[in-house]
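A.B. asks: Here are the chains, one letter per residue:
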Amino acid sequence: MTTTTSTPTKPGIPEIVTNSAAPRPSGWLSWLTSTDHKRIGIMYIVASWVFLVLGGVEALLIRLQLAVPDNTLLSPQTYNALFTMHGTTMVFLFLMPMIAGFANYLVPLMIGARDMAFPKLNALSLWLFIAGGIVFYGSLLYTPAECGWTCYAPLSETAFSPSNGVDSWIFLVHLTGVASFIGALNIFVTITNMRAPGMSWGRVPLFVWTMLTQAILLIISIPVIAGAVTLLLTDRHFGTHFYDPTNGGSALLWQHLFWFFGHPEVYILVLPGFGVISEVLPVFSRKPIFGYKAIVAATLGIAVIGTLVWAHHMFTVPLPFFLLVFFMLGTYLVAIPTGVKIFNWIFTMWRGSIEFPVAMLYSIGFLATFLLGGITGIFLATFPVDWQLHDTYFVVAHFHYTIVGGAVFAMMAGLYYWFPKMTGRMLNEKLGKVSFVLTLGGFWITFLIQHSAGLSGMPRRVYEYADVNNLGTYNMISTIGSFILALGVLLTIINVVQSLRSGAKSGPDPWRGNTLEWFTPSPPPVNNFDVVPRVRSVEPMQDIRRQIERQGRVGEEAGVAAGD
Amino acid sequence: MSPSNLFRPTRNSVLFGLVLIAALLVPASSSFADLIAPQSGGGSPNAEGIRSLYLWIFGLGCIVFFGVVGLLIWTILKFRSSKGAVAVRVHGNNRLEVGWTVGAALLLVLIAVVTFLKLDQIKNPPNSSANGLATPKNVAFANGPAKPSLPPNGRSLNIDVNGQQYLWRYTYADTDTNNLNNVFSYEQMVVPTNTTVSLSIRALDVQHSWWIPELGGKFDAVPGYTNYTWFKISEPGVYKGQCAELCGRGHATMIASVKAVSPAEFKSWYAGQKTAILAAEKEAAAARNKLVAKDAAALKLAPKAEAPAAAAPVAAADGKKIFVAGVPATGALACGSCHTLGAAGTKAAVGPNLDVVLKGQSAAMIKASTLYPNKVISKGYAANIMPANYGTSLTKAQLDALVQYIDEAVNGK
Chain A
0 MTTTTSTPTK PGIPEIVTNS AAPRPSGWLS WLTSTDHKRI GIMYIVASWV
50 FLVLGGVEAL LIRLQLAVPD NTLLSPQTYN ALFTMHGTTM VFLFLMPMIA
100 GFANYLVPLM IGARDMAFPK LNALSLWLFI AGGIVFYGSL LYTPAECGWT
150 CYAPLSETAF SPSNGVDSWI FLVHLTGVAS FIGALNIFVT ITNMRAPGMS
200 WGRVPLFVWT MLTQAILLII SIPVIAGAVT LLLTDRHFGT HFYDPTNGGS
250 ALLWQHLFWF FGHPEVYILV LPGFGVISEV LPVFSRKPIF GYKAIVAATL
300 GIAVIGTLVW AHHMFTVPLP FFLLVFFMLG TYLVAIPTGV KIFNWIFTMW
350 RGSIEFPVAM LYSIGFLATF LLGGITGIFL ATFPVDWQLH DTYFVVAHFH
400 YTIVGGAVFA MMAGLYYWFP KMTGRMLNEK LGKVSFVLTL GGFWITFLIQ
450 HSAGLSGMPR RVYEYADVNN LGTYNMISTI GSFILALGVL LTIINVVQSL
500 RSGAKSGPDP WRGNTLEWFT PSPPPVNNFD VVPRVRSVEP MQDIRRQIER
550 QGRVGEEAGV AAGD
Chain B
0 MSPSNLFRPT RNSVLFGLVL IAALLVPASS SFADLIAPQS GGGSPNAEGI
50 RSLYLWIFGL GCIVFFGVVG LLIWTILKFR SSKGAVAVRV HGNNRLEVGW
100 TVGAALLLVL IAVVTFLKLD QIKNPPNSSA NGLATPKNVA FANGPAKPSL
150 PPNGRSLNID VNGQQYLWRY TYADTDTNNL NNVFSYEQMV VPTNTTVSLS
200 IRALDVQHSW WIPELGGKFD AVPGYTNYTW FKISEPGVYK GQCAELCGRG
250 HATMIASVKA VSPAEFKSWY AGQKTAILAA EKEAAAARNK LVAKDAAALK
300 LAPKAEAPAA AAPVAAADGK KIFVAGVPAT GALACGSCHT LGAAGTKAAV
350 GPNLDVVLKG QSAAMIKAST LYPNKVISKG YAANIMPANY GTSLTKAQLD
400 ALVQYIDEAV NGK
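Line order of the protein sequences matches chains A and B. One point on numbering: in numbering that gives the first Met the number 0, the residue at position 118 of the first sequence is 117, and numbering is uninterrupted. One point on numbering: in numbering that gives the first Met the number 0, the residue at position 315 of the second sequence is 314, and numbering is uninterrupted.
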């Protein structure tokens with residue numbers, strides 16, 4: 000249907016063209032059966048936001064229960080089920096699929112490809128993820144799991160968790176795991192094989208670099224968690240004893256396997272966010288990214304070291320001393336490339352000409368928030384200090400600062416930045432700014448004080464607490480903040496729904512972007528590009544704009560000369 | 000102010016924010032003692048050490064955080080777009096980038112050095128003070144990868160901490176071989192001041208975590224492993240904590256407390272507990288005998304349990320029977336359910352492999368080890384696991400038959 004030929008006729012940039020493209024199909028069936036990376040991407044994002052609402056409601060229920068000491072609003076069973084569902088939902092059903100959605104939509108566009116390498120596998124990934132979500136939320140009809148998103152054995156064994164909620168959790172990990180694994184292979188193959196002519200590794204957009212790295216991390220870590228939950232499944236139903244210490248199994252085996260996946264998972268969530276920030280900051284500072292190669296190197300460095308530090312989640316279990324030291328120093332090492340990135344981002348803005356649309360505001364909010372999450376990470380990496388902080392609200396605060404500050408704020412920046420490309424309409428900037436202030440403010444009110452709750456002796460995952468050491472005050476502040484945060488997110492959802500219908504038309508390139516997705520119309524046609532330009536730098540759109548300007552000038556001069 | 004300017008950061012708003020932060024930090028010093036640092040207060044050196052290490056990192060972290068956020072805010076204010084402003088097209092600066100990489104590394108080296116300097120105080124228990132409780136030398140054993148924490152002279156009050164859904168049980172180590180008559184308590188642990196208390200932390204069912212914030216860090220109670228920590232309290236008082244690892248629906252109510260009293264008070268509490276336990280044991284034994292007698296009378300049978308076994312001549316072959324099946328009537332557990340012995344065909348691994356550890360040992364030694372299992376402990380195994388009741392649960396003839404059997408099985412005729 001599409002044919003590609005080389006047309007070196009004009010002296011300009013165009014390289015590969017398509018002569019005909021199928022018309023855009025419509026109707027709901029065309030969405031369900033679509034293998035178009037853009038439609039799959041949008042379905043990923045929409046589904047993930049449905050789960051965000053569910054996970055958000057769970058979070059608000061948790062905060063309501065904790066608002067006052069000795070509260071009896073929820074039963075311990077309901078409370079344990081809620082934080083299990085909240086954590087699992089936010090990791091497996093909101094953030095991972097939302098990132099997969101953005102990656103699906105953007106990676107082919109940014110590298111000048113007409114689709115992903117394996118479009119049908121791509122659709123399979125999406126539907127497996129949705130199946131995983133349905134299987135997990137189906138447990139609401141009987142007894143949801145109560146073992147936390149980490150589901151430590153032997154608590155998750157049948158002896159202590161007899162309900163099938165844990166099984167539905169296991170199937171969720173399997174289904175979304177397979178979805179992520181296939182998706183990662185697809186992204187990897189697409190990026191390594193389908194880049195536009197001229198896009199050598201030194202010219203690949205930074206978002207694409209982070210997605211490539213993330214894909215490798217997924218390929219390394221997903222099989223381990225899949226194996227771990229399979230062993231749990233056979234323990235629960237087929238008479239094995241992998242995690243059962245009364246029959247020669249080991250409770251620590253689960254923790255090692257889980258965190259071998261669980262720690263890279265953190266980078267699986269935040270690296271794409273780093274990529275978004277690295278795209279948004281240069282555009283609105285009107286300046287190239289500062290230290291492109293250093294940022295790429297830091298991304299790869301974080302991935303390599305990040306795979307080798309999992310046991311810093313286990314400093315309080317019986318471990319030999321040298322392992323404590325190894326995992327402490329290893330974790331310190333991760334801080335170096337992360338710190339490098341923060342300075343690179345700030346110096347990208349330095350001596351720029353900075354504009355402040357909502358996407359940029361979220362990027363700046365990301366910098367300050369993620370910075371604090373990184374610093375508290377050093378506290379926790381120091382194992383004697385971790386002995387006090389481990390499994391307290393200090394840790395809860397820390398990982399919300401890294402995951403919400405690192406991944407969610409960055410993806411919000413991405414939403415405001417790429418929404419015009421996906422829909423052809425702008426989001427309302429004014430409403431977006433109100434949403435940003437509420438989201439960022441609400442977040443800091445909710446989580447900053449949780450550090451203090453942890454320092455005052457409050458462990459995580461408790462459904463009630465006594466009113467000692469000001470815990471009542473701290474938790475009330477946190478609960479108030481969480482509702483402000485929720486209002487902020489709600490405003491963004493309202494913004495999206497309104498703007499879909501009545502947002503200003505955006506045109507192909509509303510921000511004067513740097514990368515190839517801004518070369519096509521908004522929303523892009525099915526085949527993405529009629530002409531794939533040759534890439535000559537890491538900012539191909541700058542080159543194209545210059546080229547057009549030059550040709551325009553030449554044309555004008557020629558016209559003036561010929562006409563009069 | 001027009002809407003477009005509303006969210007543009009201004010110098011005033013930044014100043015206001017800084018004043019607000021400062022205002023929030025002022026009350027932190029007095030009434031909100033745990034606002035910025037972990038708890039301590041019992042005078043236990045490990046908790047003090049962790050708190051001071053934390054404050055070091057906190058100070059450095061504040062410098063980095065406020066430095067970088069200051070730079071960020073300065074950049075945003077100074078380089079916000081304005082008429083005629085042109086961005087400078089810079090792609091990087093190698094010297095600068097190497098500079099902050101090295102800077103970050105040096106900062107982390109500093110933190111690592113401080114950590115190692117503080118580590119001794121946090122990790123290694125000191126000896127008990129002269130005004131503390133005089134305690135016997137502990138038998139050090141390790142079950143799992145962690146090492147016991149004992150003071151240099153090896154003397155501490157050793158308490159076995161056992162987590163179970165949803166309470167803590169504390170068993171005080173003593174010097175006799177019977178581990179069924181030890182002093183124990185639930186939920187509240189009573190300890191003497193100025194005495195090093197070493198804890199062996201275990202779990203009965205799922206994972207729990209031992210944590211009394213004012214007495215140092217938390218240590219997980221993992222089923223199948225033993226974990227270790229210690230504390231040494233100088234201030235009498237009650238120190239509260241709770242389980243810190245999700246262990247089920249009652250996790251939030253699994254509380255723990257440590258009550259520190261003077262050594263004299265501790266001694267009297269301990270003696271009281273011991274007397275009560277011995278009395279209760281006596282009472283229970285009397286009640287048991289009464290029940291047995293009642294049953295026997297009801298069935299019109301002569302009491303069988305003691306007499307016939309003692310009277311009957313015991314053949315050597317019975318040694319194997321005792322080894323494999325024990326003597327259930329008197330509570331003598333089967334050796335083979337815990338030990339491997341090739342000749343008897345048992346393969347259990349709870350205790351040491353007898354074919355290995357008893358090779359070349361005399362019959363007297365085998366007998367002593369059966370009667371007093373805690374006298375000699377094989378490497379890698381724990382004391383107080385094997386029952387020490389064989390002196391009472393076996394008759395002399397049965398014991399001799401058993402010892403003779405094991406001797407022949409391991410060392411030949």
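Don't take each hint at face value.
Unchecked claim - List of simulated lysine-lysine pairs, DSSO-like, C-alpha gap at most 27 Å:
#1 B:K346 - A:K432
#2 B:K358 - B:K346
#3 B:K281 - B:K122
#4 B:K136 - B:K122
#5 B:K136 - B:K293
#6 A:K429 - B:K320
#7 B:K319 - B:K366
#8 B:K281 - B:K293
#9 B:K358 - B:K320
#10 A:K504 - A:K432
#11 A:K432 - B:K366
#12 A:K429 - B:K281
It is worth saying that the hints were derived from the structure and are not from the lab.
A.B. asks: If a hint holds in the structure, say so; if it does not, say that too.
C.D. replies: Structure-based check of each hint:
1. B:K346 - A:K432: 71 Å, violated
2. B:K358 - B:K346: 17 Å, holds
3. B:K281 - B:K122: 42 Å, violated
4. B:K136 - B:K122: Given pair B:K136, B:K122 holds - Cα atoms ~20 Å apart, limit 27 Å.
5. B:K136 - B:K293: 46 Å, violated
6. A:K429 - B:K320: Answer violated: A:K429 to B:K320 is near 87 Å, above 27 Å.
7. B:K319 - B:K366: 15 Å, holds
8. B:K281 - B:K293: 18 Å, holds
9. B:K358 - B:K320: 21 Å, holds
10. A:K504 - A:K432: With a Cα-Cα distance of about 19 Å, the restraint between A:K504 and A:K432 holds, given a limit of 27 Å.
11. A:K432 - B:K366: Outside the cut-off at roughly 83 Å; violated.
12. A:K429 - B:K281: 81 Å, violated
Of the numbered hints given earlier, the model fails hints 1, 3, 5, 6, 11, 12; all others are met.
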